[in-house]
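Asks: Below are the chains, spelled out letter by letter.
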Amino acid sequence: DAKTTQPPSMDCAEGRAANLPCNHSTISGNEYVYWYRQIHSQGPQYIIHGLKNNETNEMASLIITEDRKSSTLILPHATLRDTAVYYCIVRVRASGTYKYIFGTGTRLKVLA
Amino acid sequence: DTAVSQTPKYLVTQMGNDKSIKCEQNLGHDTMYWYKQDSKKFLKIMFSYNNKELIINETVPNRFSPKSPDKAHLNLHINSLELGDSAVYFCASSLRLSGGKGEKLFFGSGTQLSVL
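Chains as they are written, first to last, in the working numbering: chain A, 73 to 184; chain B, 722 to 837.
Don't read these hints as lab results, they were simulated from the structure. Computed from a predicted model, the values in this text were never measured in an experiment. Quick reminder that beta carbons are idealized off the backbone N, C-alpha and C, glycines included. Accuracy of the hints is not assured; some may be wrong.
Distance condition first, Cα-Cα at most 27 Å in a straight line; then the derived BS3-like pairs of lysine-lysine [unchecked claim]: (1) A:Lys171 - B:Lys773; (2) B:Lys761 - A:Lys75; (3) A:Lys171 - B:Lys788; (4) A:Lys75 - B:Lys740; (5) A:Lys171 - B:Lys765; (6) B:Lys765 - B:Lys792.
Computed Cβ-Cβ distance ranges for the label pairs, DEER-style [claimed, not checked]: (7) A:Asn126 - B:Val733: 39 to 49 Å; (8) A:Ser81 - B:Tyr731: 21 to 31 Å; (9) A:Gly168 - B:Ser786: 29 to 39 Å; (10) A:Ala89 - B:Asp739: 45 to 55 Å; (11) A:Asp139 - B:Thr734: 47 to 57 Å; (12) A:Ser100 - B:Leu837: 14 to 24 Å; (13) B:Asp739 - A:Ala85: 41 to 51 Å; (14) A:Asp139 - B:His798: 42 to 52 Å; (15) A:Gly87 - B:Ser786: 43 to 53 Å; (16) A:Thr98 - B:Lys730: 30 to 40 Å; (17) B:His798 - A:Asn91: 41 to 51 Å; (18) B:Asn747 - A:Lys141: 20 to 30 Å.
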C-alpha cells in the first residue's frame with residue numbers, strides 16, 4: 073500500500089547535484105512528505121520533510137510541486153558517501169497516531 | 722550513547738524456536754515502532770506503541786508479540802519461528818516537533834534474523 077513511486081536507480085557524478093524524483097499523486101492535504109536514506113544495511117537516516125513549502129537544511133533541499141502530487145529531493149553536491157537507497161515516504165494519520173508508508177526507494181550511486 | 726539501540730545485531734536460529742529482540746531509546750520519545758525489511762529491501766511497519774500502549778498492529782501474525790515495559794523500551798518476541806520470518810527488523814522512535822511541523826523517526830541499526 074505504498075503511496076509513493078520512485079525510479080529504482082540513478083547515477084550521479086561526484087560534485088554534481090543529485091535530483092531524486094518522487095510521485096505521490098494520492099497524497100492528502102495534511103500528509104507530510106519525508107525523505108530518508110539507508111546506507112548499506114544500516115538503519116534509515118532522516119534527511120528532510122515538508123508539507124507544501126519547499127524546505128532546505130544542511131543535508132538537502134526538498135521541492136514540492138504546487139499540487140503536492142510530486143516532489144524532488146536535491147543533494148546539491150553529491151559525494152561518494154551519499155551512495156545509498158533513498159526513500160520517499162508519506163506520513164499518514166492512523167489510529168490517533170501516524171504511519172510512515174515507505175516506497176521501494178531509489179538506489180543512488182555517486183560515481184567518482 | 723546510541724539514541725536507539727537494538728540487541729542482538731545478528732540472530733541465527735532454527736525453525737520452531739522462540740526468540741526476542743530488544744530495543745531501547747534514550748531520546749525521551751513517547752512513540753516507538755517495529756519495522757520489518759524483507760530481502761527486497763521493502764520496509765513495512767509492524768507495530769507502533771505510544772506511552773506503552775499498542776496503537777498500530779499491521780495484521781502481523783500473533784506469533785509476534787511486542788511488549789513495552791516502559792516508554793523507553795519496546796521488545797519483540799517471536800514464537801515458533803518460520804523461514805519467512807528471516808528479515809532485518811528495525812526499531813524506531815519518534816519525536817513530535819513543535820509548531821505543527823510534523824515529527825522525525827529515529828531508527829536503530831537493525832537486527833538481522835536468519836531462520837534456518
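Asks: Run through the hints listed earlier and report the numbers of any the structure violates, in increasing order.
Replies: 4, 9, 12, 18
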